[in-house]
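Chain order of the listed sequences is A and B.
Just so you know, we're using numbering that gives the first Met the number 0 here: the first sequence kicks off at 0 and counts up by one.
Just so you know, we're using numbering that gives the first Met the number 0 here: the second sequence kicks off at 0 and counts up by one.
Keep in mind that the hints were calculated from the coordinates and are not lab data.
Since the model is a prediction, treat every value here as computed from it, not as a measurement.
Ideal Cβ placement from N, Cα and C applies to all residues, glycine included.
Among the clues, some could well be false.
[As the list claims (entries may be wrong)] Chain A is nowhere near these chain B residues, computed Cβ spacing over 12 Å in every case:
{"#": "1", "residue": "LEU153"}
{"#": "2", "residue": "ASN273"}
{"#": "3", "residue": "THR361"}
{"#": "4", "residue": "ILE362"}
{"#": "5", "residue": "GLY381"}
{"#": "6", "residue": "GLN390"}
{"#": "7", "residue": "HIS395"}
{"#": "8", "residue": "ASP397"}
{"#": "9", "residue": "MET400"}
[Unchecked claim] Which residues of chain B face chain A? A partial, calculated answer using Cβ under 10 Å:
{"#": "10", "residue": "ARG133"}
{"#": "11", "residue": "ILE135"}
{"#": "12", "residue": "ALA136"}
{"#": "13", "residue": "LYS137"}
{"#": "14", "residue": "VAL139"}
{"#": "15", "residue": "LEU142"}
{"#": "16", "residue": "GLU315"}
{"#": "17", "residue": "GLY366"}
{"#": "18", "residue": "GLU369"}
{"#": "19", "residue": "LEU399"}
Protein chains: 2
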Amino acid sequence: MSLDLSTLVQKNDKRIVFLIADGIGSIQSGPNSLTELQQARTPNLDQLAAEGECGLLDPVMPGITPGSGPGHLGLFGYEPTEFIIGRGLLSALGVGFPLKDGDLAARLNFATLDKQGNVVDRRAGRIPTEENERIIAKLVAKLPKAIDGAKIVLQTEAEHRAVLVLRGKGLSQSLADTDPQATGVPPLDPKGLDAKTGTKKTVAIVKKLLSQIRKILADEPKANFVLARGFALHTELPSMAERYGLTAGAIANYPMYRGVASLVGMTLLETGNNLLENIAVAGKRWQEYDFFFIHFKYTDKTGEDGDYEAKVKRIEELDAAIPALRALKPDVVVVTGDHSTPSKLKAHSWHPVPALLWAPATIRRDGVTEFNEVACAAGGMGRLPMKYLMQMALAHADKLMKFGA
Amino acid sequence: MSLDLSTLVQKNDKRIVFLIADGIGSIQSGPNSLTELQQARTPNLDQLAAEGECGLLDPVMPGITPGSGPGHLGLFGYEPTEFIIGRGLLSALGVGFPLKDGDLAARLNFATLDKQGNVVDRRAGRIPTEENERIIAKLVAKLPKAIDGAKIVLQTEAEHRAVLVLRGKGLSQSLADTDPQATGVPPLDPKGLDAKTGTKKTVAIVKKLLSQIRKILADEPKANFVLARGFALHTELPSMAERYGLTAGAIANYPMYRGVASLVGMTLLETGNNLLENIAVAGKRWQEYDFFFIHFKYTDKTGEDGDYEAKVKRIEELDAAIPALRALKPDVVVVTGDHSTPSKLKAHSWHPVPALLWAPATIRRDGVTEFNEVACAAGGMGRLPMKYLMQMALAHADKLMKFGA
């Protein structure tokens with residue numbers, strides 16, 4: 000596709016809100032063999048659906064289960080198979096680390112090894128964040144500032160999770176995870192995925208680093224080693240300002256979502272303790288931004304926990320926040336997720352995500368009066384790649400000019 | 000799009016069955032102005048639909064009428080506009096000819112010419128296969144082994160259909176058919192579609208060959224000439240094993256479908272005399288394969304014959320075979336076609352094909368309770384390119400890992 004959307008952009012003071020309920024889509028289960036959205040009482044979402052347009056969206060492609068990175072890139076209108084961002088990069092952005100082009104980031108999970116060097120807990124008993132901070136401070140004090148010319152940065156993420164950034168010349172992201180994804184076996188040695196010079200150099204640096212970390216943490220009762228995942232080089236993405244002319248603010252509590260929002264140039268705004276407080280933040284900053292990304296994590300978390308009832312309750316919490324959102328008088332509201340997380344499957348899934356687009360001035364109502372997966376299948380949006388959602392929202396906000404004469 | 004599906008593949012022992020009712024889609028006609036699927040009594044297909052997910056699939060693209068080659072490539076997940084296979088190639092593969100890279104194949108139809116050299120029957124009265132074999136033997140005995148350095152191979156397909164393969168260096172497939180697609184006119188002379196050297200050389204070879212065939216067959220009462228169609232060079236396709244990690248078996252009676260299955264690396268299994276016997280073959284080979292392609296030709300054949308009632312009966316035969324298929328306890332079942340063949344049109348058509356996907360462990364039921372074109376339009380699968388069907392089936396068989404972090 001050769002249409003450059005940015006050539007059609009026109010600015011105005013209309014406001015778009017993307018309310019993203021992470022992992023909201025599902026499949027039938029529970030006592031009544033309904034999806035959690037079908038089971039939940041959602042009068043406010045149903046009203047938005049009745050006044051709006053619904054559909055089913057594929058974050059990446061039919062049949063493909065998206066990670067949170069590709070899922071959110073799709074939401075923000077970026078083709079997720081073109082813009083690939085690794086886990087390490089998302090973690091680094093999430094802790095607010097000022098990445099530069101060429102930086103190599105990885106997620107570190109503190110883990111517990113036994114005396115034989117086998118992993119007994121891949122999350123070190125999910126140590127509290129304060130404990131993580133103490134251990135990171137200890138590592139920073141005892142590790143060298145650089146290894147083979149690459150500057151070493153370590154930062155706490157939360158609980159057992161930390162971030163490693165290497166800053167140097169010619170680093171490679173072609174490294175396998177050292178997390179063996181199992182207990183009772185030793186961590187994997189750093190290994191290159193190709194035979195290039197940069198990869199060999201990076202593997203050597205990571206080996207030296209891990210060897211020193213192991214010595215420094217030897218006396219820790221729980222977090223006595225780290226497992227590295229998702230080595231990724233920082234690549235600058237075109238921003239939402241460049242692509243869509245939007246001044247975008249993100250209200251997201253969890254690091255990964257702050258990370259991906261930051262990657263597309265959103266300003267990370269302050270956050271509250273729950274969804275209503277986060278909507279209040281949008282209200283407070285209403286004059287400063289014309290696009291708000293409000294992230295609601297708990298529909299995914301409860302899905303991953305396999306807790307059907309809890310997911311239903313979280314959907315009802317989402318529903319209860321809709322009047323506060325409407326009170327801000329947005330011009331366009333989108334409610335959808337970055338992927339499906341059926342509690343029956345306890346994991347992200349490939350099922351397309353129910354979506355609603357609400358824009359009182361310009362919507363074509365489609366007769367759908369409930370917001371759930373089955374009702375959305377009959378909606379006017381049909382089944383579409385997720386990446387088109389952003390440009391439909393821009394259109395309804397009158398921010399896109401006609402293409403061609 | 001840069002997503003390489005093979006990087007996401009994980010193997011397991013779940014089994015996928017693609018039950019392909021050739022040309023099953025249609026448009027309303029008949030005594031009640033219904034499609035054949037709407038008219039037929041299909042309790043078993045309707046039950047699969049109710050328990051599964053339905054949709055309408057475009058084998059190539061909306062508005063494009065697919066040949067059997069592109070239709071089946073779409074079914075098997077290959078973009079049909081990227082992987083082009085000509086009719087000659089399919090015929091050659093169908094008779095089990097061991098093609099090598101660079102071989103040029105064409106379908107030959109025996110035809111009857113009158114004394115003026117005009118075509119009076121483009122199918123030579125549909126001579127029996129035994130007659131075809133006799134004539135091929137006669138040609139092989141009298142023709143040279145090679146013309147201008149290109150080895151000549153002729154093989155019987157069935158009835159009036161035969162296969163020509165030229166094996167030599169620098170052959171071209173840019174040749175027009177010599178079948179005039181009409182009677183009362185002479186066969187077309189071999190003609191190149193471009194001015195390249197290889198094309199000129201190939202045209203010269205085919206001209207010499209046809210001239211000799213005409214002399215040898217001059218005394219035949221019916222099959223006194225051949226019409227050539229679908230010149231195609233053999234190109235090796237990536238196999239389903241490479242792309243999807245599948246061990247795939249094909250149960251198809253007709254040469255063309257065996258050909259395309261073989262082209263994507265399926266093993267051609269033995270066949271029975273009807274659909275129930277073919278499903279029994281799958282049962283017998285159940286432990287050896289994790290993907291079965293079972294082809295049912297007669298929904299297309301009756302459609303091409305314009306026989307509405309016969310197509311309805313064939314659909315009911317398809318329906319009656321479903322319990323035997325379910326008894327094998329597959330994990331994923333797909334029922335669809337490679338294209339539509341409305342009996343009202345007596346030909347392949349561009350109408351999207353009704354499809355159902357059944358996978359009890361992971362399906363999102365969409366409320367569709369009948370398997371027909373109209374009901375499928377409201378299904379959760381929506382309207383999708385056919386090529387996505389394979390990856391959705393793989394996802395439901397838990398054979399694809401998550402994409403991205």
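The hints, checked one at a time:
| no. | hint | verdict |
| --- | --- | --- |
| 1 | LEU153 | holds (43 Å) |
| 2 | ASN273 | holds (32 Å) |
| 3 | THR361 | violated (7 Å) |
| 4 | ILE362 | violated (7 Å) |
| 5 | GLY381 | violated (3 Å) |
| 6 | GLN390 | violated (3 Å) |
| 7 | HIS395 | violated (8 Å) |
| 8 | ASP397 | violated (10 Å) |
| 9 | MET400 | violated (7 Å) |
| 10 | ARG133 | violated (50 Å) |
| 11 | ILE135 | violated (45 Å) |
| 12 | ALA136 | violated (49 Å) |
| 13 | LYS137 | violated (52 Å) |
| 14 | VAL139 | violated (48 Å) |
| 15 | LEU142 | violated (50 Å) |
| 16 | GLU315 | violated (28 Å) |
| 17 | GLY366 | holds (5 Å) |
| 18 | GLU369 | violated (15 Å) |
| 19 | LEU399 | holds (7 Å) |
In terms of the numbered hints stated before, the structure departs from hints 3, 4, 5, 6, 7, 8, 9, 10, 11, 12, 13, 14, 15, 16, 18, listed from lowest to highest.
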